[in-house]
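**Q** Here are the chains, one letter per residue:
Protein chains: 2
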Amino acid sequence: MQLRKCKIKFSSINQIFISHLHGDHFFGLVGLISTFGLLGRKTDLHVFGPVGIADIIRLQLKATASYLGFTLLFHELESTQASLIYEDDKVAVHTIPLTHRVYTNGFLFREKIGERKLNISAINTYPEIERCDYQNLKNGRDYILEDGTIIDNELLTFNPLKPLSYAYCSDTAYKPAIVAQLDQTDLLYHESTFLKDKQDLAILTKHSTAEEAAKIAKAANVGGLILGHYSSRYPNKKMFLAEAQPIFKNVILSEDEKVITLDNKVPETLVVAHQN
Amino acid sequence: MQLRKCKIKFSSINQIFISHLHGDHFFGLVGLISTFGLLGRKTDLHVFGPVGIADIIRLQLKATASYLGFTLLFHELESTQASLIYEDDKVAVHTIPLTHRVYTNGFLFREKIGERKLNISAINTYPEIERCDYQNLKNGRDYILEDGTIIDNELLTFNPLKPLSYAYCSDTAYKPAIVAQLDQTDLLYHESTFLKDKQDLAILTKHSTAEEAAKIAKAANVGGLILGHYSSRYPNKKMFLAEAQPIFKNVILSEDEKVITLDNKVPETLVVAHQN
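If you read the protein sequences in the order shown, they are chains A and B. Mapping of the first sequence onto my numbering: residues 4 to 279, in sequence order. Mapping of the second sequence onto my numbering: residues 4 to 279, in sequence order.
No lab work stands behind these hints: they were computed from the structure. Being a predicted model, the structure only gives us computed values, none of them experimental. All C-beta atoms, glycine included, are put in the ideal place defined by N, C-alpha and C. Some clues are possibly wrong.
With a Cα cut of at most 25 Å, we get these calculated DMTMM-like pairs of lysine to aspartate or glutamate [unchecked claim]:
1) B/K115 / B/D92
2) B/K10 / A/D27
3) A/K8 / B/E258
4) B/K120 / B/E81
5) B/K8 / A/E258
6) A/K8 / B/D27
7) B/K8 / A/D27
8) B/K120 / B/D91
9) B/K65 / A/D58
10) A/K120 / A/D266
11) A/K12 / B/D92
12) B/K93 / B/D266
13) A/K261 / A/D27
14) B/K10 / A/E258
15) B/K65 / A/E258
16) B/K10 / A/E260
17) B/K8 / B/D186
18) A/K8 / B/E260
19) A/K10 / B/D92
20) A/K8 / B/D91
Covered stretches of chain B (in silico footprint by chain A; criterion: 3 or more residues with CB under 8 Å from a CB of chain A, positions within the stretch not fixed) [as the list claims (entries may be wrong)]:
21) 18 to 29
22) 33 to 41
23) 200 to 211
Construct all of the structure, not just a fragment, from the sequences and the given hints.
**A** Structure (structure tokens):
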């Protein structure tokens, strides 16, 4: 329902990453998979999550006697080391081992560096460069004219866009050990279930405070920090902002249906948050 | 979320009846049970549903390592005969065997006849009737004065309220065999996934049309009919009303968050529907 409200195309979802087997993080998965089936999905769906997730989903799909017109592939996780679990042309995904009451992983999404962008007006000054040469230029090769002159690739192309990175860390106790892996990440979602007035409860339940989330963001020198997973005991979410910002300035409060865009095209506005 | 929106007290829910194991009828159950646990519920919860429901819920609760502070009791159904599955002082619940793509039951909720109501002003004309006699009067006994005079119970009490009945039939193909069991039911919810323009699809998917639901209501001579479980292909729900009412007049279209009150206190207004 939330995906629909946010107008996210179901067909754009091909991998699903489940951090841990607490209900607020996976009870809705079987309904989503089932809906994909009812809507006639054909393309493979990959689900990454703790050992046990496959049995839970398959038992329910079997009970409903539903036919899925697509292949559902489970990649069950059990390692407590940061591991590469998914990779394609554009992105690599690593687990971020977290500390919670059950086996939990965060996920680090890192874009790969893209191709160089063609500088068409520069290219057009060399009539002998043809379309079939473009891919080599995008790949960074210099161009050698027929007379042997070498044209530097940098004269014919622009730098590719800066690859972006996003880390999702929820649920977790304060865990400074993840800082090294998060170094320079553009955008970090870090849970802040509590404020420091409930530090004891945060320790007991293996959650974090807003202050702790900000400490992680600062130590890892990330571009921006998104807070979330707030305990319902706090009526005013701005209290989380107030606790985090003295430590780390660029903080965004996550809210239902808020869209946060990570943009590498406009310098100095890396993180743009707007409400739908 | 819908229960919350409708302000239904969670503590008033002690029995849950699941018709069949299709996702739209049970995927939310584990979340509800889990929420009951988080909110500190202590009282037993009884779940009635097809064989398999217990394994599905227990597997997920085990994975989440959740502690439930209450006892969860499953009553798994497999009979294809109408059966008494629950009974207390006030109500009896029978299954209504339905025909769908998987094993499915409707449920018939019948109030038991209540105690007679005391006619206090009549009672007060007999000073020797004491409070300790009231329960006997409520139970219908005549009162014998010390001089041997018999006072008819009907002079001292009013008739109890008419016991009400409600039948829930979803999902099901058109099944006239259920009519006998539904005879004179005050209120019937009967699915109408389709209109008769899709009679072929109704047969294929083992669902009903609005016309078929109305035929069941008419044949069983029920007090009112609620339609629902509409296919999303129909933009205007009034088409269901238009198809059903020529056959059976007292039709209500169910809608999310609509509250339908079955009232036995005001004659001739047995079914009162109002929008929250």
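**Q** Straight-line Cα separation of B/K120 and B/E81 no greater than 25 Å?
**A** This hinted pair is violated, its Cα atoms lying about 40 Å apart.
**Q** For the pair we were handed, B/K8 and A/E258, check the Cα-Cα distance against 25 Å.
**A** Given pair B/K8, A/E258 holds - Cα atoms ~19 Å apart, limit 25 Å.
**Q** Within a Cα-Cα threshold of 25 Å, do A/K10 and B/D92 meet the stated pairing?
**A** violated (49 Å)
**Q** Counting residues of the segment 18 to 29 of chain B with a beta carbon closer than 8 Å to any beta carbon of chain A, are there 3 or more?
**A** holds (count 3)
**Q** Take a quick look at whether B/K93 and B/D266 sit within 25 Å of each other, Cα to Cα.
**A** Within the cut-off at roughly 16 Å; holds.
**Q** Has the given pair, B/K10 with A/E260, been kept, meaning a C-alpha gap of at most 25 Å?
**A** Holds, at roughly 24 Å.
**Q** Given the hinted pair A/K261 and A/D27, is their Cα-Cα distance within 25 Å?
**A** The given pair, whose Cα atoms are some 18 Å apart, holds under the 25 Å limit.
**Q** Below or equal to 25 Å on CA atoms is what counts here, so check A/K8 against B/D27.
**A** With a Cα-Cα distance of about 19 Å, the restraint between A/K8 and B/D27 holds, given a limit of 25 Å.
**Q** Below or equal to 25 Å on CA atoms is what counts here, so check B/K120 against B/D91.
**A** holds (20 Å)
**Q** Is it true that the CA of A/K120 sits at most 25 Å from the CA of A/D266?
**A** Holds: A/K120 and A/D266 sit about 17 Å apart, inside 25 Å.
**Q** Given the hint that A/K8 pairs with B/E260, test it: the Cα-Cα distance must not exceed 25 Å.
**A** holds (19 Å)
**Q** Run the distance test for B/K65 versus A/D58: straight-line Cα separation, threshold 25 Å.
**A** holds (12 Å)
The structure is inconsistent with the numbered hints 4, 11, 15, 17, 19, 20, 23, although it conforms to all the rest.
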